[in-house]
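Student: Once you have looked at the hints, place chain B on chain A.
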Amino acid sequence: MKALAIALTNLKRFFRDRTNVFFVFILPIGLILLIGSTMGNAGTSSFGVYPGAAPGAVADRIVAGLEERGFSVEGYGSAEDVRLAVERGEVTAGVAVPDDLDARLAAGDTADIAFYATPNGQGAQLQSVVDTAAVAASETVAAVRFAVSRGADRGTAEGVVTAAAAAAPTLTVTTSTVGEELFEGATTYEVGSAGELILFMFITGLAGSAELIETRRLGISRRMLGTPTSAGTVLAGEALGRLVIILMQAVYIVVASALLFQVDWGNLLATGAVVLLFALVAAGASMLFGTLFSTPQQSSGAGIIVALALAALGGAMLPIELFSPTLREIAKVTPHFWAVDAFSEVLRRGGGLADILPQLGVLAAFAVVLITVAAWRMRAVIARG
Amino acid sequence: MNAVLTIAAKDIRQRLRDRSVFIIAILAPLALAFVFNLVFGGVLGGNVQLSVGVVDADEGPVSDGFAGLVDSLEAAGLLDPTSYPDAAAARAAVDDEDVGAAFVLPEGLSARVRSGQSATMEVIGNVDASTTAAIASAIAERFAASVRIGALSAATALGAGVLAPDELEAAAAEAGMAPPPVAVTAVETDTRQLTGSTYYSAGLAIFFIFFIAGLAITSMLGERSGGTLPRLIAAPIPRYAVLAGKALASILVSLGAMAVLVIGTTLLIGADWGNPFGVAILVVCAVLAVTAIMNAIGSFARSAEQGANLQSVVGIVMAMLGGSFIPISLGNPVLAAVARLTPNAWFLDGLAELQAGNVADVLPYAGVLLLMAVVWTAIGLPFMRRAVAA
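Protein sequences, first through last, are from chains A and B.
Reminder that position 200 of the first sequence reads as 200 in the working numbering, one-by-one numbering, no gaps.
Plus 385 on top of the position in the second sequence (first one is 1) and you've got the working numbering.
Chain A with its partners taken away, still in its complex shape (with noise of 0.2 Å):
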């Protein structure tokens, strides 16, 4: 009953200081919301194309070509224009056709693209594609420049060239795709709630060791223990009260991400059993970390040195999928790797609680081990002050 007590005083220091609210409530959805919004557009690649001053039938082919092979295209003023965005990767890589490029195609001469692309980036393999489309828009100028090179009349196989494009025999590229959708049935909020509701969970445990060496250092836990009250009641209510703190703020994460991205969380019993665990181990960390240090600047620091490496490590912040697989090695060493594989399972594959129960035996594990250690340090530190 005691505990309870303590943990409703820790509670209501918390939510007094106004500044918490914004780190628990607001700034989580924000970054959802922010990595939502820049994700769907990563991984696409985009041409920079200047189609000169007066595009001509030739110009306006090249470009609408590599439109047709699936990439986005930005129109810039000038051959400039194109190769500072290249060079600033707003584009992948930038191509620039000259004014002059029908004119001095119908007179019998070749023309020169321009094509833009930063020395070390992917941009230098568009090259082919460019290429293609230069080649495919131009295919019947080849085809009288050739006769005209034979000897022909130019009007004569301009005549005849558009009845021989009909009866010239098409070579079809068909290109099918295999493997699996990486992320599946998962939108970008999706993948990128998980991994922030993990990421804040352990920010808020780790930030919340602040208050645990403020307690402390007011001399309110060595007043705690003056009234007749064990140190195990205290700690159990020290614990209990970041734990509440650390399982509102995910309950919170997981209805407004419902609400306003349309999260689906899946099956609720699964996700609540890795909620509830990561928040044990979460609350853990915390009790041990407010053990650890000091000065709460210095454990907040610390704090959050340790919360966002483990999350980039544990693949919180990143798809665990894009890692390299000796990264992926070492990234099983965090708890969040083992959340963020439960969390996969259930949102993108539909699992049950009964398909995650190695992740949650791991992540027990963590939390036992977290939760004994800080204890026993605790009882050593709470009197001290």
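A portion of the hints provided could be inaccurate.
[As the list claims (entries may be wrong)] Quick look at which bits of chain B chain A covers, simulated, 3 or more residues with Cβ under 8 Å: (1) 495-508; (2) 546-558; (3) 612-626; (4) 654-668; (5) 691-704; (6) 722-733.
[Said to hold, decoys possible] Quick partial rundown of chain B residues pointing at chain A, CB under 7 Å, derived from the structure: (7) Met-562; (8) Pro-566; (9) Ala-571; (10) Gln-578; (11) Gly-581.
In case anyone wonders, no lab produced these hints; they're calculated from the structure.
Every residue gets a Cβ at the ideal spot worked out from N, C-alpha and C, and that includes glycine.
Tutor: Leaving out everything else, chain B in the frame of chain A:
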């Protein structure tokens, strides 16, 4: 002037004695830049060479022509081809991500093309590498276009009466190999982008500077609650000297931290900040802007704690919107416009411009950062005066 320096020196000593400055301004960005670069580095830097599988079931002149194209792309360092016996093996290789994509030239391809029939070749891509698949199809289509152009050219010459029917095949082969009328020439470009390790180093460095740049105002609020402020005011020094001394201290501590970070990330994680002179200009201007912002924000508060809380909220929001954690300006015009309000974006973009090697390129960015410093100082000054009043 003497009083300003004395107060600044005292503030700096006070800060350095509290080890949290080292944790927040140096250890945190270094450690996180290391981890972020480790985790995200592989994603930002793309592999230029494309590995492809080739299945040649045709073994005729057409597939020889395709092999020639693949060889020339390999020689240019763009392709890394591997041969597979059949389509199933190639498909498995793509599925296992042994190769990015595969080309399949079916049996009888040359015979069909020779007899003027339409034919098909196949490109196999992986669903999760759409750009690789698109590049591979472009290479195949380029080849298909040259086959078609050969046939079309020969037919046109025949129609124009300058080619005998028995010359068709040879003419088609010759015309298919002829250089196209529209050539694509790569123009050399500079890079105005940061590598992964530099991006995370710079982004995190400026982010954590937010947490120490606002010390001027929070330490003032601290002096007040600690009871030392009335004593400072009672001393025979002008009030602006107290403010100036504290501002100077926080600027110097921030600059020191940035210097350590620039050198530390260069040595430890291979960050490449660019021309040191340009970096110095941007760092100084960014520190001034961040100092002005954080002290103005802190001056809205009534206690040191409240001020620090308000500052950390602003610092995190600006870091998120300004691209300190993730490069957000890519693709979304609204976010790109909002990012322009943060010093983080101008600092990072200025550093990116510097990668082209021209120090003068950073001046517009440094100018905007200085303008931010002036505007925020103008906003904050009335409130700071209030804070220094007894």
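Student: Holds or violated: the hint that Met-562/B contacts chain A, with Cβ atoms closer than 7 Å.
Tutor: 11 Å, violated
Student: In terms of beta carbon proximity below 8 Å, does the region 612-626 of chain B have 3 or more residues touching chain A?
Tutor: violated (count 0)
Student: Go check the region 722-733 of chain B versus chain A for me, would you? Three or more residues, Cβ under 8 Å, otherwise it fails.
Tutor: violated (count 0)
Student: How about the region 546-558 of chain B: do at least three of its residues have a C-beta closer than 8 Å to a C-beta of chain A?
Tutor: The restraint on the region 546-558 of chain B holds, since 4 of its residues have a Cβ under 8 Å from chain A and three suffice.
Student: Grab the minimum C-beta distance from Ala-571/B to chain A and call the hint holds if it beats 7 Å, violated otherwise.
Tutor: 5 Å, holds
Student: Given Pro-566/B was flagged as interface, is its beta-carbon under 7 Å from a beta-carbon of chain A?
Tutor: 5 Å, holds
Student: For the restraint on Gly-581/B, tell me whether the closest CB of chain A is nearer than 7 Å.
Tutor: Interface hint status for Gly-581/B: violated (11 Å vs cutoff 7 Å).
Student: Can you confirm whether chain A covers the region 654-668 of chain B, using C-beta to C-beta distances below 8 Å and requiring at least three such residues?
Tutor: violated (count 0)
Student: Under a C-beta cut-off of less than 8 Å, do 3 or more residues of the region 691-704 of chain B approach chain A closely enough to confirm the stated coverage?
Tutor: n = 6 at 8 Å, threshold three: holds.
Student: Is the interface hint for Gln-578/B satisfied, with its Cβ closer than 7 Å to some Cβ of chain A?
Tutor: With Cβ-Cβ at 4 Å, under 7 Å, it holds.
Student: Examine the region 495-508 of chain B for residues whose CB is less than 8 Å from any CB of chain A, and state whether their number is three or more.
Tutor: holds (count 10)
In the structure shown, a violation is registered for the earlier hints numbered 3, 4, 6, 7, 11, in ascending order.
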